[in-house]
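Chemist: Using the hints, put the two standalone chains together into the complex.
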Amino acid sequence: KAGVTQTPRYLIKTRGQQVTLSCSPISGHRSVSWYQQTPGQGLQFLFEYFSETQRNKGNFPGRFSGRQFSNSRSEMNVSTLELGDSALYLCASSLASPSNEQFFGPGTRLTVL
Amino acid sequence: KNEVEQSPQNLTAQEGEFITINCSYSVGISALHWLQQHPGGGIVSLFMLSSGKKKHGRLIATINIQEKHSSLHITASHPRDSAVYICAVHPYLRDDKIIFGKGTRLHILP
Chain A
1 KAGVTQTPRY LIKTRGQQVT LSCSPISGHR SVSWYQQTPG QGLQFLFEYF
51 SETQRNKGNF PGRFSGRQFS NSRSEMNVST LELGDSALYL CASSLASPSN
101 EQFFGPGTRL TVL
Chain B
114 KNEVEQSPQN LTAQEGEFIT INCSYSVGIS ALHWLQQHPG GGIVSLFMLS
164 SGKKKHGRLI ATINIQEKHS SLHITASHPR DSAVYICAVH PYLRDDKIIF
214 GKGTRLHILP
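Just so you know, the sequences run in chain order A and B. Following this note's numbering, the numbering of the first sequence begins with 1 at its first residue and continues without gaps. Following this note's numbering, the numbering of the second sequence begins with 114 at its first residue and continues without gaps.
Keep in mind the hints are simulated off the structure, nothing from the lab. Note that beta-carbon positions come from the ideal geometry of N, C-alpha and C, so glycine has one too. Possibly wrong hints are sitting among the right ones.
Stated by the list, open to error - Capping the alpha-carbon separation at 30 Å, the derived lysine-lysine pairs in DSS-like fashion look like this:
#1 B:K215 to A:K13
#2 B:K167 to B:K181
#3 B:K168 to B:K181
#4 B:K181 to A:K57
#5 B:K168 to B:K210
#6 B:K167 to B:K215
#7 B:K210 to A:K57
#8 B:K181 to B:K166
#9 B:K215 to B:K181
#10 B:K166 to B:K215
#11 A:K57 to B:K215
#12 B:K167 to B:K210
Claimed, not checked - To be clear about the criterion: a stretch of chain A counts as covered by chain B if any three or more of its residues have a C-beta under 8 Å from a C-beta of chain B, and this derived list gives those stretches:
#13 42-48
#14 96-105
Chain B with its partners taken away, still in its complex shape (with noise of 0.2 Å):
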C-alpha cells in the first residue's frame, strides 16, 4: 500500500463542474503541497499546508491532520484546468523525505 493514496486517478468532467481531489496518507507529517503538472512536465506549486484551509482564485486545499486526509477544490473549472494534480507530504519522521502520491489526471471538457 502506498504511503500517500490519491483519488480519483482520473476524472473527465464539464467545463463549469465543482471538482474534487482527495489525497489520505498514512504517516505523520509535517506539511502537505498540492501541486499541479500541465502536459510537458512543467510543475506549479499549488498549495502548502500544514492545518486548516488555504484559498487562491478558485482554488481551495483543506487538511485534516487527525484523519491523515487532504482535498483539493476547484469551483467553476475551466479547460485550462486540465493537468494532474498531485499531493505530496514530508513525514515527520524518516529525515523528512517527501513522499509523492501517483497523481490525479484532470480532464475538462468546454
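So that you can see chain A by itself, here it is in the shape it has in the complex (with noise of 0.2 Å):
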C-alpha cells in the first residue's frame, strides 16, 4: 500500500507570494491533517479535514486555509506569505480520525525569502 505522499518536496518563495501545497492520503484513509514544524515552535496542528469538510482549525492567521477533494487528497494554500511561514509542513491520513494511528508525509519543506 503506497504511503502518503506530498508535493512538491522544496519550495522557495518570497515574501508577499502564495503558495499551493498538495498531499495525497493512503487509500481508503478519509481524515487528512496538516501541521506546521518550525525549530522555534515545534509541531502545531493547522487544520483536519473530513468528507470534503474541514472539522477542525488550529490558531493560525486566515492566510492559511486548505481544502480537501472527493478522494480524499487535500490540498493547503498560505497567501501573502512571510518570513515566518519558513517551515516544514507535514500532512498525515488516518481512517477515520487524528485520535487513530496517523501516517505522516514526507513533508514540504517552505522558505520564504
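Modeler: Spelled out as C-alpha cells, the structure:
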C-alpha cells in the first residue's frame, strides 16, 4: 500500500507570494491533517479535513487555508507569505480521525525569502 | 507552562543502554501518541495509547492516565535509534486539537 505523498518536497518563495501544497493520503483514509513544524515552535496543528469538510482548525491566521477533494486528496494554501511561514509542512492521514493512528508524509520544506 | 512537557530535552547514551523518555501533560486526554522523527523530517507513529502499556520490538510505551504521564522506553539501544521522539496528546475538550511536546533529541553512540 503506497504511503502518504506530498508535493512539492521543497519550495522557495518570496514574501507576498502565495503557495499551494498538496497531500495524497493512503488509499482508504478519509481524514487528512496538516501540521507546521518550525525550530522555535515545534509541531503545530493547522487543520483537519474529513469527507471534504474542515472539521478542526488550529490557531493560525486566515492566510492559511485548505481543502479536501472527493478522493480525499488535500491541498493547503498560504497567501501573502511572510518570512515566518518558512517551515516544514507535514500532512498525515488516518482512517477516520487524528486520534487514530496517523501516517505522515515526508513533508514540504517551504523557504520564504 | 506548556500543556505537554517532555524530559529530557536532549539525551546522549552509549549503545546498549536502556533509554527512558518522559511525557507529562496537564489536560484530560482521549489518546496519546509517541512519534519518531529522523533527520530529514520524516515522522513515524510509534504508538497510540489510551491506557496501559504497549510493546513493539525493543520499544515499550506506558501511560498512567491518573497521573497524566507517559514514558517511552528503548531497550538495548542502537545508533539507528538516534532521532527526535515527540509526544502528542488529543484533549477531551477543545475540539480534539492535537497538542505536541517539544520533542526529545536522542543520540546513541556506537
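Chemist: If a hint holds in the structure, say so; if it does not, say that too.
Modeler: Going through the hints against the structure:
A C-alpha spacing of about 27 Å is found between K215 (chain B) and K13 (chain A), which places the hinted pair at or below 30 Å, so the restraint holds. A hinted pair counts as satisfied when its Cα atoms are at most 30 Å apart, and K167 (chain B) with K181 (chain B) qualifies at roughly 17 Å. Between K168 (chain B) and K181 (chain B) the alpha-carbon distance is near 20 Å, which keeps this suggested pair within the 30 Å criterion. At roughly 25 Å between alpha-carbon atoms, K181 (chain B) and K57 (chain A) fall within 30 Å of each other, so this suggested pair holds.
Taking the CA atoms of K168 (chain B) and K210 (chain B), the gap is near 26 Å; set against the 30 Å cutoff, the hint holds. Between K167 (chain B) and K215 (chain B) the alpha-carbon distance is near 22 Å, which keeps this suggested pair within the 30 Å criterion. Distance restraint check for K210 (chain B) and K57 (chain A): the Cα-Cα separation of roughly 8 Å lies within the 30 Å cut-off, and the hinted pair is therefore satisfied. A hinted pair counts as satisfied when its Cα atoms are at most 30 Å apart, and K181 (chain B) with K166 (chain B) qualifies at roughly 14 Å.
This hinted pair checks out: K215 (chain B) and K181 (chain B) have alpha carbons roughly 17 Å apart, not beyond 30 Å. Restraint check: the Cα-Cα separation between K166 (chain B) and K215 (chain B) comes to about 23 Å, which is no more than 30 Å; the hinted pair holds. Distance check on the hinted pair: K57 (chain A) and K215 (chain B) sit about 20 Å apart at the alpha-carbon level, within 30 Å; holds. Taking the CA atoms of K167 (chain B) and K210 (chain B), the gap is about 24 Å. The hint holds against a cut of 30 Å.
Counting residues of the region 42-48 of chain A whose C-beta sits closer than 8 Å to any C-beta of chain B gives 4, which meets the bar of three, so the coverage hint holds. Residues of the region 96-105 of chain A lying with their CB closer than 8 Å to a CB of chain B number 8, which satisfies the three-residue condition for coverage.
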